[in-house]
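Novice: One letter stands for each residue in the lines below.
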Amino acid sequence: MKPKLEELKVGFLAALDNVKDDQGLEELRVEYLGRKGKLGDILKGLKDLSVEEKKDIGAFANTVKAELESVFKRKQAELAHELAGAKAQDEWIDVTAPGIAPEPGHLHFSTQAIEEFVDIFKQLGFVRVRHPEVDWDYYAFEALNMPKGHPARDEWETFFIADGDKVMEGEKGKMVLTPHTSNGQVREMEKGYMPLRMMSINKTYRRQADVTHVPMFHQLEGLMIDKNVTLAQLKGTFDFFVKRFFGPDREVRLRPHHFPFTEPSFELDISCNTCHGSGEFEGNRCRMCKEGWHELGGAGMVHPNVIRAGGLDPEEYNGFAFGWGVERCMSMKSGMNLRDLRIIYKNDIRFLKQF
Amino acid sequence: MNILASYNWIKEYLQTEITPEEFAREMSLKSMSVESIEHLKNRFENMVIGVVEELKDHPDADRLKIAITNIGDKKVEVVCGGQNLCSGMKVAVALPGAKVLWHGEGDWVELKPTKVRGVESFGMICAPSELGFEKAPCLDGGIWDLSDITEASAGTSFVEAMDLDDVIFDIEVTSNRVDSMSIVGLAREGGVVAEGEFEFKEPALIKGGAGKELKVQVDAPELCPRYMAVVIDGVKVGPSPLWLQNKILLSGHRPINNIVDITNYILHEYGQPLHAFDYEKLGDETIVVRKARDGEKIEALDDNTYDLKADQLVIADSTKPVAVAGVMGGAPTGTRDDTVTVVFEAATFDPVSVRRTSRALNLYSDSQLLFEKGLSTKSAEVALARAVELTLEVAGGEVASPVYDVQEQDYKSLAFPWRSQKTRDIMGVDLSDEEMIDILVRLGFKVDGVDGEYNVVVPFWRDHDIEAEIDFTEEIARVYGYHNVPTVLPDQAPPTVFEDPELAWEDRTKKVFSSYGYIEFYGYSFVSAGDLERYDLDPEEAIKLYNPLSSELTHMRTSLIPSVLKDIEMNQGETPAGQVFELQKVYMPRKGDLPEEKSRLVFGGFGVKDVQEAFLRQKGVLEIWAKSMGLELKVERTTDDVYWHPTRSAAISYNGNRVGTIGQVASQYQQAFGIERPVILTDIDFEQLVSSMKVQLRYEPSPDFPAMIRDIAVEIDAKMEFDKIKNKLIGMDELLRAIDLKDVYQGDKIEVGKKSLTLSLSIRSDKKTLSSEEADAVVGKIERVLVDQMNAKVR
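Respectively, the protein sequence lines represent chains A and B.
Numbering-wise (the working numbering), the first sequence opens with residue 123 and increments by one.
Numbering-wise (the working numbering), the second sequence opens with residue 9 and increments by one.
If you're looking for bench data, these hints aren't it; they were derived computationally from the structure.
Any given hint might turn out to be false.
Stated by the list, open to error - When the alpha-carbon atoms are kept at most 27 angstroms apart in a straight line, the in silico DSSO-like pairs for lysine-lysine are as follows:
1) B:K702 to A:K244
2) A:K244 to B:K606
3) B:K120 to B:K82
4) B:K552 to B:K599
5) B:K454 to B:K420
6) B:K606 to A:K294
7) A:K158 to A:K177
8) B:K519 to A:K475
9) A:K468 to B:K552
10) A:K244 to B:K519
11) B:K305 to B:K289
12) A:K158 to A:K142
13) B:K299 to A:K270
14) B:K552 to A:K288
15) B:K727 to B:K627
16) A:K468 to B:K606
17) A:K468 to B:K519
18) A:K288 to B:K599
Please model the complete structure; the sequences and the hints are all you need to start from.
Specialist: In structure tokens form, the structure reads like this:
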């Protein structure tokens with residue numbers, strides 16, 4: 123029987139070589155390895171053999187069978203791969219064609235800025251609040267240590283509300299469009315809770331319109347009132363913001379300034395990201411900044427008169443306040459190229475889609 | 009307010025070796041912000057004195073000359089158009105490499121050798137404005153003739169010849185620190201915050217004279233706390249010497265004549281404005297400080313005539329105003345070349361009065377700028393002494409009157425108590441009392457007291473600035489250096505109040521719309537009356553600005569729709585279709601109170617082609633938004649709202665209250681705003697809904713048995729609303745769980761007045777998987793209802 127098996131093997135291998143497709147492979151399987159196939163036929167003769175022969179031939183037959191099956195499987199895999207390759211050619215796509223983007227929505231530039239500010243100051247426990255945009259002179263000026271006739275009032279080009287051909291007046295003075303968000307300072311203190319850490323991001327209005335000024339813009343106002351608030355904490359708070367908003371390599375600087383409602387008062391500067399605060403870039407004066415620094419906003423320790431106007435005792439409570447223009451701050455962030463701020467509120471979709 | 013300050017001048021009062029850059033850095037960090045530093049030597053590099061030796065005609069241009077100019081080591085040809093140029097003239101020549109201001113404007117531009125109309129020109133002969141001295145005395149547009157100004161020979165550098173080797177700082181002075189709007193003030197600050205010894209040289213006391221007496225009278229002492237005057241006779245009025253002119257020019261003033269220049273010099277040096285009258289022009293040799301009389305006029309030094317009002321303070325002679333107090337002198341009584349006797353005035357005026365008068369007359373000056381910030385009565389006397397000292401030196405003459413000095417009360421220094429621990433607490437820095445007192449003393453304060461409780465006397469130049477104890481903390485903190493203060497985060501317990509929920513709902517709303525492809529509009533809060541009227545909103549019912557910036561921005565908006573429509577119109581050229589939303593405040597007036605600021609939401613699409621489809625898509629977004637806000641909104645047809653298309657709009661309500669509208673903007677408004685294609689908007693009273701908004705998370709388990717979906721097509725009246733069909737059918741069989749509208753068709757194959765609907769029925773049992781027969785039974789039942797009760801045909 124051995125020669126028969128050898129012969130079978132040779133025949134099988136030769137036939138297998140000629141197989142070209144799945145169908146041929148299946149036919150070959152049926153012919154040789156199937157239930158009624160050639161291998162089965164030969165093995166039927168086993169029962170006629172002696173026990174001795176059975177042992178010997180049986181083992182040999184198993185080896186041949188395993189060998190044939192193994193070769194067959196390999197061929198099967200080869201054929202599958204070949205076929206897949208051919209099929210894949212029919213399924214070819216161009217992976218280099220331009221991507222098709224869904225039509226996305228867009229949050230406004232200012233909304234995105236506000237979102238970023240809120241996220242940062244939330245981490246320090248500042249609670250977002252909102253105060254009127256149309257308010258009394260009292261909150262906009264008087265309670266902020268700027269009595270009537272105070273020259274500093276001129277620094278805010280204020281819009282007034284009309285009552286016929288006069289300025290609208292009420293118990294708390296003239297009605298104005300808030301020229302800054304600081305009107306919220308005394309309003310928030312009047313609520314009577316302590317400790318207080320608020321951020322108020324709101325629209326403010328000034329009579330100005332040129333490349334760097336828009337009549338409506340946003341300010342961020344931060345106010346912390348508590349016991350034992352220090353200038354060092356204000357500095358820490360500002361630094362915390364700057365490193366998160368502008369980047370960990372940016373430095374802050376406080377420079378003396380004057381605001382009637384804070385004492386001491388300062389301007390808040392951040393180091394220039396072009397010259398890194400040196401004021402020099404590639405051997406020349408840095409053209410992006412003022413001597414290495416950008417002015418961001420104003421800040422200070424809340425004036426005792428303002429604490430008093432808020433109904434608190436300045437001997438017990440003190441605090442700090444800071445503020446800056448949202449649009450300006452956002453456009454200062456590296457990479458922004460907003461030369462004309464007036465575009466921000468024009469609602470030109472070509473602008474809005476870029477953010 | 010800014011001051012141009014010469015470093016050389018500052019150093020007349022401050023003995024220091026530090027560089028201008030070091031000075032500027034220390035000042036910026038601890039005192040006043042130095043915005044720029046200008047080295048004149050650099051600015052005038054390659055700028056030399058030249059002497060014109062010969063003028064030749066330009067071959068191709070009548071108005072140009074070729075000047076053969078001696079520049080020391082050689083003679084060069086320079087093409088020049090200056091009509092006053094003549095041979096022998098000493099001029100400033102900008103050689104190639106020098107920087108000039110082209111026509112006196114713009115940025116400094118570096119010169120290169122160039123051809124002017126075909127003729128090579130080696131540099132340029134300059135007019136004052138081209139050197140940045142547009143205020144230097146010179147013929148209009150002419151070349152700066154330096155023949156009488158400098159002795160320097162040809163080839164000398166311009167800086168050396170003109171004695172201009174100086175550094176000019178542009179310094180921003182805060183409005184409370186008027187004392188630093190002066191050279192002396194800056195030198196004093198420099199001595200404290202930078203390095204060096206500040207020394208104030210007191211001018212010599214005035215020795216009173218006689219012969220030209222004055223009558224000086226102050227009728228309004230509340231507006232003029234101090235008035236001083238003195239007469240100098242025999243002065244020779246004329247151009248100032250070079251050093252004086254230079255200082256005047258570098259300070260940004262215009263040299264006029266030596267007397268006027270002296271007043272400006274002292275204004276800049278001491279920060280105290282002065283005025284000089286021609287003694288002969290003052291009627292009856294009288295000076296009266298009084299309020300103006302209605303109808304009085306004055307011709308001021310700017311050559312304009314101003315009508316005065318009764319509350320405005322003037323300086324008058326026996327009959328007429330001769331100066332607007334603190335603002336500007338009168339032209340007829342000013343000093344001129346033929347003036348021989350001058351009256352110097354040094355006074356203090358009420359800051360508010362000066363400010364009001366200046367605003368009312370729309371008349372501004374360097375004097376007014378200082379007076380309205382508040383000056384000390386004390387500074388008048390030093391300034392007057394300085395004026396006399398300088399006049400005698402520069403213009404000659406002698407004092408010919410006593411020193412007149414009218415003040416109601418003698419000067420008394422201000423003083424405040426100060427607790428040193430307060431300052432330490434606020435700064436968060438542990439400074440010793442000695443360190444702090446040292447700072448105050450160096451700034452000119454006098455400090456008395458022990459054990460942390462002090463009395464601090466304020467120097468006169470800080471009279472209007474220091475108002476309370478807290479101000480001492482600022483002085484100490486800034487001189488210590490804010491940059492030296494540590495950076496620490498607040499360690500107090502955080503507040504426990506809640507955020508205004510409206511803000512969070514607004515954020516969420518904005519996110520919903522932006523994530524469904526809507527672009528956020530963010531418009532001005534103010535619109536024009538016309539914008540409101542175009543949408544039939546009454547401007548009388550809106551908050552109106554008293555002092556609008558333009559007629560385009562006059563009223564606070566009471567609806568977002570007019571601005572949205574306006575913006576759609578503006579965009580439709582470049583962006584023919586789009587989806588936008590705006591969530592902002594509108595401002596509703598309330599009598600006798602602040603307006604109510606209410607949030608409103610508008611969203612929608614413009615450039616719409618298929619209104620039915622656009623409406624349904626928008627309604628879908630409305631539903632998604634409502635679901636995210638936890639709101640169940642009802643949308644029902646409305647036909648009588650003039651703002652909306654009569655058959656393409658629906659009222660939105662919540663709990664029985666109308667909260668908005670969805671639909672097509674009525675065609676009359678679409679036209680009024682010039683919009684080409686239909687606009688579908690949803691307008692929501694956000695404010696009204698906000699208190700009902702809630703986060704709703706609800707889990708419904710998935711059904712255990714599958715639903716069978718069966719579609720049926722029916723032909724039905726074209727105006728039969730889906731809601732009616734659905735409400736009719738949904739209760740017909742408990743296995744019918746939902747009805748959806750899959751397709752609507754109207755056209756060729758359908759009878760006019762009818763439409764074909766494909767309804768998709770979802771049939772499901774909670775107990776078992778339904779058989780096909782069971783589902784068919786439900787479909788059959790539904791079809792019968794449609795046919796029998798709703799006049800439909802099953803297709």
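Novice: All the hints need checking, so say for each whether the structure fits it.
Specialist: Comparing the hints with the structure gives:
Straight-line distance between C-alpha atoms of B:K702 and A:K244 comes to about 22 angstroms, which keeps the hinted pair within the 27 angstroms bound. Between A:K244 and B:K606 the alpha-carbon distance is near 25 angstroms, which keeps this suggested pair within the 27 angstroms criterion. For the proposed pair B:K120 and B:K82, the alpha carbon gap of about 18 angstroms is at most 27 angstroms, so the pair holds. Note on B:K552 and B:K599: the hinted pairing holds, with a Cα-Cα distance of about 13 angstroms set against a maximum of 27 angstroms.
The straight-line distance between the Cα atoms of B:K454 and B:K420 is roughly 14 angstroms, inside the 27 angstroms bound, and the hint therefore holds. With a CA separation close to 22 angstroms, the supplied pair B:K606 and A:K294 stays within the 27 angstroms bound. Proposed proximity of A:K158 and A:K177 is supported: the alpha carbons are some 23 angstroms apart, at most 27 angstroms. Taking the CA atoms of B:K519 and A:K475, the gap is near 15 angstroms; set against the 27 angstroms cutoff, the hint holds.
Simply put, A:K468 and B:K552 have alpha-carbon atoms about 21 angstroms apart, close enough for the 27 angstroms limit, and the pair holds. Proposed proximity of A:K244 and B:K519 is supported: the alpha carbons are some 19 angstroms apart, at most 27 angstroms. Taken as a hint, the B:K305 and B:K289 pair is honoured in the structure, with Cα atoms around 17 angstroms apart against an allowance of 27 angstroms. The suggested pairing of A:K158 with A:K142 holds, with an alpha-carbon distance near 23 angstroms, which does not exceed 27 angstroms.
Pair hint B:K299 plus A:K270 holds up; C-alpha atoms about 22 angstroms apart against a cutoff of 27 angstroms. With a C-alpha separation of about 11 angstroms, the suggested pairing of B:K552 with A:K288 holds against the 27 angstroms cut-off. Under the criterion of a C-alpha separation no larger than 27 angstroms, the hint pairing B:K727 with B:K627 is consistent with the structure, at around 19 angstroms. With a C-alpha separation of about 22 angstroms, the suggested pair A:K468 and B:K606 falls inside the 27 angstroms cut-off, and the hint holds.
For the proposed pair A:K468 and B:K519, the alpha carbon gap of about 21 angstroms is at most 27 angstroms, so the pair holds. This hinted pair checks out: A:K288 and B:K599 have alpha carbons roughly 15 angstroms apart, not beyond 27 angstroms.
Violated hints are absent here; each numbered hint is respected by the structure.
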